Every structure is written in C-alpha cells, then in structure tokens.
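Student: Sequence:
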Amino acid sequence: MANRREFLLQFAAFAAQPAKGLTPKERVDRVLAGRTPDRPPFCFWHHFQDEKEPGRRHAALTLDFVRRYQLDIAKVMSDYPYPKGPGAQWHELKPVDNPFPEQVKALELIRDGLAGQKHFVETIFNPWNQATKISSKEAVTELMRTRPQALLDALEAIARSEANHARRALEAGASGIFLAVDNAQQGVLTLEEYRKFSEPFDRMVLEAAKDAPLNILHLHGPKVYLDHFWKGWPVQVIHYSAHETGVPLAEARKKTAAVLMGGLDHRSVVGAPPEKVQAMLREARAAGPKWICAPGCSVPDESPREKLLALSRLLRTA
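Take the sequence shown: its position 218, counted from the start at 1, is 489 in the numbering used here, and no numbers get skipped.
No lab work stands behind these hints, which were simulated from the structure alone.
A quick note: this is a predicted structure, and the numbers were derived from the prediction, not measured.
A few of these clues could be false.
[Unchecked claim] Subject to a maximum C-alpha distance of 25 Å in a straight line, what follows is the list of computed SDA-like cross-link-like pairs (lysine to any residue):
#, residue 1, residue 2
1, 526, 560
2, 481, 458
3, 502, 304
4, 408, 462
5, 547, 502
6, 408, 463
7, 376, 435
8, 296, 318
9, 526, 493
10, 365, 412
11, 323, 296
12, 376, 317
13, 355, 421
14, 481, 386
15, 467, 428
16, 525, 457
17, 296, 355
18, 404, 375
19, 408, 359
20, 296, 361
21, 467, 415
22, 547, 559
23, 408, 443
24, 525, 559
25, 494, 551
26, 526, 572
[Said to hold, decoys possible] Ranges of calculated distance between the beta carbons of each label pair, as one might list FRET restraints:
#, residue 1, residue 2, range
27, 332, 442, 21 to 31 Å
28, 589, 407, 34 to 44 Å
29, 292, 424, 47 to 57 Å
30, 578, 418, 43 to 53 Å
31, 494, 386, 38 to 48 Å
32, 327, 502, 36 to 46 Å
Cβ coordinates follow ideal geometry from the N, Cα and C atoms, glycine included.
Between the sequences and the hints, there should be enough to build the whole structure, so can you do that?
Tutor: Encoded structure:
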C-alpha cells in the first residue's frame with residue numbers, strides 16, 4: 272500500500288511538471304487537462320473587416336495572422352452577415368440550413384492550412400446579437416417590450432440556424448465554437464430578461480457543439496452577470512475581461528473549475544511597455560495551469576504590425 276501511495280504521489284508530481292517542446296495543440300490540450308504546460312498558450316485577434324470578401328480571402332487573412340504572430344489557437348473571426356428573412360418585418364425569420372456558406376468555405380481552408388498543428392475555433396455571435404445586426408439594438412428591445420413572443424420566435428429561428436452552422440463548423444474541422452454573448456450585462460438586459468430572451472437560445476447553439484473539445488464562452492462587457500456563468504454551461508473555457516469587469520482571474524478561479532481565458536487588457540496591451548504586460552501576466556497566473564493567455568476582447572483592428580509582433584514575442588517567452 273505504501274509503495275502504491277508513493278507511486279501515485281510521484282506520478283502526480285510528474286504530471287504537474289511543465290512539459291518542454293510542446294506543439295501549440297499539445298500545449299492547449301495540456302491546459303484543458305489541468306496540467307502545467309511549457310508556457311501558457313496564448314492568442315489574440317481582431318476583425319479583418321472582410322465581410323464582403325469571399326471565404327478564400329478570409330481564410331488567407333486568418334492563416335497569415337495566426338502564422339505571423341505564432342498564436343497557439345486560431346480564433347476565427349466571423350463577420351459575414353446573417354441572412355435576412357423573406358418577410359416585410361425583420362423578425363419574420365425561418366431557420367436556415369447553411370446561414371454562412373462563405374465562412375464554412377473559409378473554415379475548410381483554415382483546417383487544411385493548419386494541418387492539425389493548432390486548434391481553431393469558430394466565432395459565433397449569439398442570437399440576440401445577430402438580431403440587433405439584422406435590425407438594431409433599439410428595434411430588438413422594442414419588440415421585447417411590445418411583442419415578446421415575436422422576438423422569441425425570431426431568436427429561436429436564428430438559434431436553430433446558428434446550431435446548424437456550429438455543426439458545419441465542426442464538420443469542417445473546428446475544435447469548437449467561441450460563443451460571444453454581449454447582452455448578459457447591466458444596461459442591456461436584466462438577468463431575468465437574459466434568462467428568458469437569450470439563455471435558451473445561447474444554450475441551443477452550444478448544445479450543437481457539446482461534444483467538441485474546445486468550446487469557449489465569451490462574456491462581453493464591463494457589467495456582465497459573471498456569477499450566472501461560472502457553472503453549468505457546456506463549455507471547457509470561460510473568457511471575459513478581468514480589467515473591464517474588475518474581477519481578477521484569481522477571484523474567478525475560486526468560483527469555477529473551467530479553463531479561464533483572458534488576463535490581458537485589450538484596451539491597452541498592444542504597445543504597452545513590457546513591464547506593464549508582465550504585470551498583467553503575473554496577476555493572471557493566479558488562474559493556475561487551466562489558463563489561456565488572451566486579451567479580454569479583440570485588440571484594435573488598426574493595431575500596428577510591429578506592436579503585435581512585439582506582444583507575440585513577449586508572450587512566447589512568458
């Protein structure tokens with residue numbers, strides 16, 4: 272019995288040791304398993320403003336970005352517009368089998384370009400967000416107040432379409448989805464409104480990708496109802512802005528066993544002095560081994576190449 276206990280202790284100590292020379296995919300897999308990597312995996316991203324370009328162009332921009340900055344995860348941006356419905360009113364929608372065909376083409380090319388060396392995840396903006404893009408924030412809120420069932424029907428149609436897209440993304444080789452939720456916060460919806468008008472549809476999209484190894488829940492904004500999301504969601508990773516919310520990763524770690532993603536202030540990290548970035552990293556390391564280093568949201572689209580290169584070099588030696 273003593274020998275077995277000693278063996279288990281030695282094995283546990285070995286498993287906790289950083290692994291050297293990992294590939295980006297191995298590095299992320301180690302974090303997902305709660306084991307210490309050779310260094311924290313990192314990624315960052317921004318919008319390419321290429322929503323009018325074909326999927327081939329979108330894939331080329333994404334692959335160039337991932338390779339240039341040696342990112343451990345390819346977070347694929349998705350800015351192609353959701354298809355409008357045939358009716359006179361914006362909310363007269365039906366589920367669409369393939370709502371983002373050019374995006375699917377891009378994902379297939381990204382899969383081929385990465386050749387299995389890195390995880391890539393597909394960005395999906397939640398149904399509420401898509402509804403505001405089809406119409407406007409004001410129109411969606413007005414429909415919620417005046418014709419709540421009409422809004423629920425529209426959101427369900429979008430959710431079913433996005434669930435179809437999530438399945439297509441996985442078939443194209445994505446390791447999971449990055450579901451962006453920007454309405455679960457004060458000033459947009461009350462928590463009760465979010466539970467009624469958004470959560471069922473957000474879960475519908477996530478359910479379509481539930482068997483994927485790398486699903487990320489992005490909670491956007493400074494006043495997010497974080498406590499609503501720490502447990503019970505079918506994702507491996509929770510991503511939010513520690514700096515905007517004022518909730519450090521150390522505090523989040525006490526509330527969730529999920530991998531935490533974030534730690535860098537997206538508003539200032541690009542071009543920040545190295546000592547400032549190092550300070551962000553020191554604070555973020557309190558998340559433990561289950562941590563993916565990333566900004567709390569996308570970095571500015573106009574970020575200079577040389578500053579992103581400098582950030583990449585710093586994070587690769589963190």
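Student: None of the hints should be skipped; say for each whether it holds.
Tutor: Hints, verified against the model:
For the proposed pair residue 526 and residue 560, the alpha carbon gap of about 15 Å is at most 25 Å, so the pair holds. For the given pair, residue 481 sits about 30 Å from residue 458 by alpha-carbon distance, which is inconsistent with the 25 Å threshold. For the proposed pair residue 502 and residue 304, the alpha carbon gap of about 17 Å is at most 25 Å, so the pair holds. Straight-line distance between C-alpha atoms of residue 408 and residue 462 comes to about 17 Å, which keeps the hinted pair within the 25 Å bound.
With a CA separation close to 32 Å, the supplied pair residue 547 and residue 502 exceeds the 25 Å bound. Restraint check for residue 408 and residue 463: satisfied, since their Cα atoms lie roughly 18 Å apart, inside the 25 Å limit. Restraint check for residue 376 and residue 435: satisfied, since their Cα atoms lie roughly 15 Å apart, inside the 25 Å limit. Simply put, residue 296 and residue 318 have alpha-carbon atoms about 23 Å apart, close enough for the 25 Å limit, and the pair holds.
A distance of roughly 18 Å separates the Cα atoms of residue 526 and residue 493; the hinted pair therefore holds under the 25 Å criterion. Our distance criterion of 25 Å between C-alpha atoms is met by residue 365 and residue 412, whose separation comes to about 20 Å. Straight-line distance between C-alpha atoms of residue 323 and residue 296 comes to about 31 Å, which puts the hinted pair past the 25 Å bound. Only pairs whose Cα atoms come within 25 Å are accepted, and residue 376 paired with residue 317 is accepted, the gap being roughly 20 Å.
Distance hint between residue 355 and residue 421 is fulfilled; the C-alpha atoms sit about 16 Å from each other, no more than 25 Å. In summary, the hint linking residue 481 to residue 386 is supported, as the alpha carbons are separated by about 23 Å, within the 25 Å threshold. Of the pairs offered as hints, the one joining residue 467 and residue 428 holds, with about 15 Å between alpha carbons and a cut-off of 25 Å not exceeded. Our distance criterion of 25 Å between C-alpha atoms is met by residue 525 and residue 457, whose separation comes to about 23 Å.
Between residue 296 and residue 355 the alpha-carbon distance is near 37 Å, which puts this suggested pair outside the 25 Å criterion. The straight-line distance between the Cα atoms of residue 404 and residue 375 is roughly 20 Å, inside the 25 Å bound, and the hint therefore holds. The suggested pairing of residue 408 with residue 359 holds, with an alpha-carbon distance near 18 Å, which does not exceed 25 Å. With a C-alpha separation of about 41 Å, the suggested pair residue 296 and residue 361 falls outside the 25 Å cut-off, and the hint is violated.
With a C-alpha separation of about 10 Å, the suggested pairing of residue 467 with residue 415 holds against the 25 Å cut-off. Taking the CA atoms of residue 547 and residue 559, the gap is about 20 Å. The hint holds against a cut of 25 Å. Straight-line distance between C-alpha atoms of residue 408 and residue 443 comes to about 32 Å, which puts the hinted pair past the 25 Å bound. Between residue 525 and residue 559, the direct Cα distance comes to roughly 11 Å. Compliance with the 25 Å bound is thereby established for this hinted pair.
Taking the CA atoms of residue 494 and residue 551, the gap is about 20 Å. The hint holds against a cut of 25 Å. Note on residue 526 and residue 572: the hinted pairing is violated, with a Cα-Cα distance of about 33 Å set against a maximum of 25 Å. A hinted range of 21 to 31 Å for the beta carbons of residue 332 and residue 442 is consistent with their spacing of about 22 Å. Against the hinted window of 34 to 44 Å, the Cβ-Cβ separation of residue 589 and residue 407 comes to about 41 Å, which satisfies the hint.
Checked against the hint of 47 to 57 Å, the pair residue 292 and residue 424 passes, with Cβ atoms roughly 53 Å apart. Our hint of 43 to 53 Å for residue 578 and residue 418 holds, since their Cβ atoms are close to 47 Å apart. A hinted range of 38 to 48 Å for the beta carbons of residue 494 and residue 386 is consistent with their spacing of about 41 Å. Judged by the Cβ atoms, the range 36 to 46 Å given for residue 327 and residue 502 holds: they are separated by roughly 41 Å.
The structure shown violates the earlier hints numbered 2, 5, 11, 17, 20, 23 and 26.
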